[in-house]
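Following the hints, complete the assembly by docking chain B onto the known chain A.
Top to bottom, those sequences are chains A and B. In terms of UniProt numbering, the first sequence is numbered consecutively and its last residue is 328. In terms of UniProt numbering, the second sequence is numbered consecutively and its last residue is 328.
One thing to keep in mind: the hints can contain errors.
Said to hold, decoys possible - Which stretches of chain A does chain B cover? Using the computed rule of at least three CB atoms under 8 Å from a CB of chain B, they are:
hint	region
1	22–34
2	110–124
3	132–142
4	151–159
5	189–197
6	259–267
What the hints assert, rightly or not - Chain B residues, not near chain A, derived (Cβ > 12 Å throughout):
hint	residue
7	25
8	30
9	110
10	301
Quick caveat, the hints were computed from the structure, so don't treat them as lab data. Ideal placement from N, C-alpha and C gives every residue a C-beta, glycine not left out.
There are 2 protein chains.
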Amino acid sequence: MLAEFDLIQRYFMPSQEASVSDGVALGCGDDATLLVPQEGQRLAVSVDTSVVDVHFPREAPAFAVGHRALAVALSDLAAMGAKSRWCLMALTFDQRSFADDDATQAWLADYARGFHALSEQHATTLVGGDVTSGALSIGVTVMGEVPVGEALTRGGAQAGDLIAVTGVLGGGAGGLALWKQGERDLRHPLLKRYLLPEPRLSAGIALRGLATAALDISDGLLADLAHLRAASHVGAVIDIDALPLADGLENALGLKAARQSALCGGDDYELLVTLSSDNIAKAQQRLAPLGLTLTVIGRCQEVLGISATDQADISGYAGWQHFSGEAP
Amino acid sequence: MLAEFDLIQRYFMPSQEASVSDGVALGCGDDATLLVPQEGQRLAVSVDTSVVDVHFPREAPAFAVGHRALAVALSDLAAMGAKSRWCLMALTFDQRSFADDDATQAWLADYARGFHALSEQHATTLVGGDVTSGALSIGVTVMGEVPVGEALTRGGAQAGDLIAVTGVLGGGAGGLALWKQGERDLRHPLLKRYLLPEPRLSAGIALRGLATAALDISDGLLADLAHLRAASHVGAVIDIDALPLADGLENALGLKAARQSALCGGDDYELLVTLSSDNIAKAQQRLAPLGLTLTVIGRCQEVLGISATDQADISGYAGWQHFSGEAP
Chain A
1 MLAEFDLIQR YFMPSQEASV SDGVALGCGD DATLLVPQEG QRLAVSVDTS VVDVHFPREA
61 PAFAVGHRAL AVALSDLAAM GAKSRWCLMA LTFDQRSFAD DDATQAWLAD YARGFHALSE
121 QHATTLVGGD VTSGALSIGV TVMGEVPVGE ALTRGGAQAG DLIAVTGVLG GGAGGLALWK
181 QGERDLRHPL LKRYLLPEPR LSAGIALRGL ATAALDISDG LLADLAHLRA ASHVGAVIDI
241 DALPLADGLE NALGLKAARQ SALCGGDDYE LLVTLSSDNI AKAQQRLAPL GLTLTVIGRC
301 QEVLGISATD QADISGYAGW QHFSGEAP
Chain B
1 MLAEFDLIQR YFMPSQEASV SDGVALGCGD DATLLVPQEG QRLAVSVDTS VVDVHFPREA
61 PAFAVGHRAL AVALSDLAAM GAKSRWCLMA LTFDQRSFAD DDATQAWLAD YARGFHALSE
121 QHATTLVGGD VTSGALSIGV TVMGEVPVGE ALTRGGAQAG DLIAVTGVLG GGAGGLALWK
181 QGERDLRHPL LKRYLLPEPR LSAGIALRGL ATAALDISDG LLADLAHLRA ASHVGAVIDI
241 DALPLADGLE NALGLKAARQ SALCGGDDYE LLVTLSSDNI AKAQQRLAPL GLTLTVIGRC
301 QEVLGISATD QADISGYAGW QHFSGEAP
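One chain only, chain A, in its complex shape (with noise of 0.2 Å):
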C-alpha cells in the first residue's frame, strides 16, 4: 500500500512552486493555501464531484478520468464568462482495485497528466487536494475571477432573445452509446465529446457584455434551458431542425435518436446563451478565432413553458437526472 501523503507530493504537488504571478502567495503543502485575489473581480466558486460508474465508466482511460473531472467543473466558471485561476481536486480511490503498487502508479500517473494537462491549458493552478481511501470519485472545486458586473447569469435573458449554443450537440450521449457497443478508440469524435469533453472557458469570456443569459450543457439541452426559463421568467421555442449535431451522430444513431441525444442527453458542456437578435452576428465572429460556432436554435418568448417550431410534441423529454440512474 502506498501512503497518502507519498502519493500527494509524487502526483500532485506542482512541479514548480506556484508564484505570485499565479496568485498565490503560499502553496500546497501546509494546512491551508494561500491566495490572492484581484481587485475589482468577482471571485466564481463552483464544486463538481465525478463517480465511477455515474458520471464516467469503470474501465475509461485514467488520463481521461483526470481530464473530464477538470473540464466539468471548468464548464461551470465558462458559463459565468469567468477567466478560471484555481482548483482543488479530491480523490478518492481505492488501492485494493489495482494488481499491485505499479498498476496502482501507473493508473495515478496518468490520470495526474490528464488533470495537469487540462490545468496548464486553461491556467488554472492546482493549489489543494486530498487523496483518500473509497469507491473512485473525483471532486473538483474550481474558481475564477469575472470583473464586477460582468458576469454571466442565468437569470439575464428576456422574451425576444435568440436561444443559441455553441459548437454541436448529442455527442456527449452518443460517445456513451458507442462506449456501450465497445468502441474504445478515444480519438473518435463521439468518444472524444464524451470522455475528452472541452470546458468553453474562452467563449465565455468573449461573451461578456453580448450574452443576456448563460449556463452550461451538462444535464441536456431541454433541461438546462428549463434552468435557464425558470430563472430568467422565460418561455421558449426551439427549432429542432436547427440542431447542430456532434460530427458522426446522425450516422451512428439515426435522425431521431441523434436529435434526442442533442435534446436530453447531457455531458455536452457547451454554453447555451441568450442574446438580442443585434448582438448574434457580433457574437459569432468573436467565436469564430476560437475554432467555435454560435448556433441559434431558438427564441424566448413570454408565454412560459417550451415548445418546438415544427409543432413536435417536446414535452415528453426530459433531461438527463444522474439520481433517476437512467442514460439518456
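Relative to chain A, chain B alone:
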C-alpha cells in the same frame, strides 16, 4: 428515488438569500457563486474528504456526519489563523442504502442540520454544493481570509521555541475505541471528541502574532509534529508527562494506551503551535476567554529528529495513515 435537484433545493439551499454582507454577490442556484473577497486579505482555501468506514463509521448519526465533515475542513483554516467565510459541500450518497424515501429524507435532514449548525456557529456561508449518487462521502471546500502577513504556517518554528497544544489530546482515538465497544451516547465526552470535533477557529485567530508555526492535529501529534519539524527544519523534544489527556481517557484505556492515543491517535483537531517562551503567558491569556487551555508539551531544538524528555523511545510511534487502513 428523489431527484438530485430537489434534494439540493430542499436541504442545502440557504433559507435566506445570502447577501453582500456575507461576501456573496450571487448566491447558490447559478453555475457558480460569486464572492466578494476583502481587500488586504489573503484567501485561505482547503479541501477535505470524509469517507464512510474510513473517516467515520457507517452507523454514525447523520447529524454528526454533517458536523464532522465540515469541522475537519474548518480545522485547516483554524491552523492558518484564518477567519472562515465560505464553504462548498459535495455530498455523495446511495439512496438504495435507505429503506425508502422517508428514511432518505430523515437522514438528509439530520445531516443538513449538523452541517448548518456548525456553519452558522462559525459564520461560514454555504455557497456551493453538489449531490451525487455513490458510496457515502463528503467533500468540503472551505474558504477563509487572513490579513496579509499574519497567516500561521508550518514553517516558522525556531530552535528554542516552546511546543504547545490547545485543549486536550487522545479523545479522538479514545472515542473511536469506545464506539467500537458499542458506546453510542454522543454526550459521552470521548465520543463527542471523536464524532463532533470543534474546529479551533477562534484560537487560531487569537494566536496570530504569537505563534511562530501552527497546524492542526488530524493525523496524530507525532505525525503532525513531523510535518512541522520538516517545514521548519527543527527537531523537537516532547515531555510525555505533560501531554494534556482528554477527560476520562486514562480511566477508559489506562495510562499507556491513553498516552499512545494522545501521541498517535489523530482526529483530535486541536492546534499544535510553536511560540517563544516570552509569549506563552500572553497566548494562554488570549485563549482563556475561549475556554481553551494552551499546554506546553515540549520544545524545538536544533538537533533534528524527535525525542522525549524521559528518554522513553517514541521513535516507534507513527501517525495515522488513512491509506494504511490501520486504526491507531
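Going down the list of hints, with the structure as the test:
Given a C-beta distance limit of less than 8 Å, the hint that chain B covers the region 22–34 of chain A holds, as 8 residues qualify and 3 suffice. Only residues whose beta carbon comes within less than 8 Å of a beta carbon in chain B count, and the region 110–124 of chain A has 0; fewer than three means the coverage is violated. As drawn, the region 132–142 of chain A meets chain B at 8 residues by the rule of a beta-carbon pair under 8 Å; at three or more, the given contact holds. With 4 residues bearing a CB less than 8 Å from a CB of chain B, the region 151–159 of chain A meets the requirement of three and the coverage assertion stands.
Judged by the Cβ-Cβ criterion of 8 Å, the region 189–197 of chain A is not covered by chain B as claimed, because only 0 of its residues qualify and three are needed. As drawn, the region 259–267 of chain A meets chain B at 0 residues by the rule of a beta-carbon pair under 8 Å; below three, the given contact is violated. The beta carbon of residue 25 (chain B) is not kept farther than 12 Å from every beta carbon of chain A, the shortest such distance being approximately 5 Å. At roughly 5 Å, the least C-beta separation between residue 30 (chain B) and chain A is not larger than 12 Å, which violates its mark as non-interface.
Interface exclusion of residue 110 (chain B) from chain A stands, the closest Cβ pair being 19 Å apart, more than 12 Å. Annotated as non-interface, residue 301 (chain B) keeps its C-beta farther than 12 Å from every C-beta of chain A; the closest such distance is 22 Å.
Checked against the numbered hints above, the structure violates hints 2, 5, 6, 7 and 8; every other hint is satisfied.
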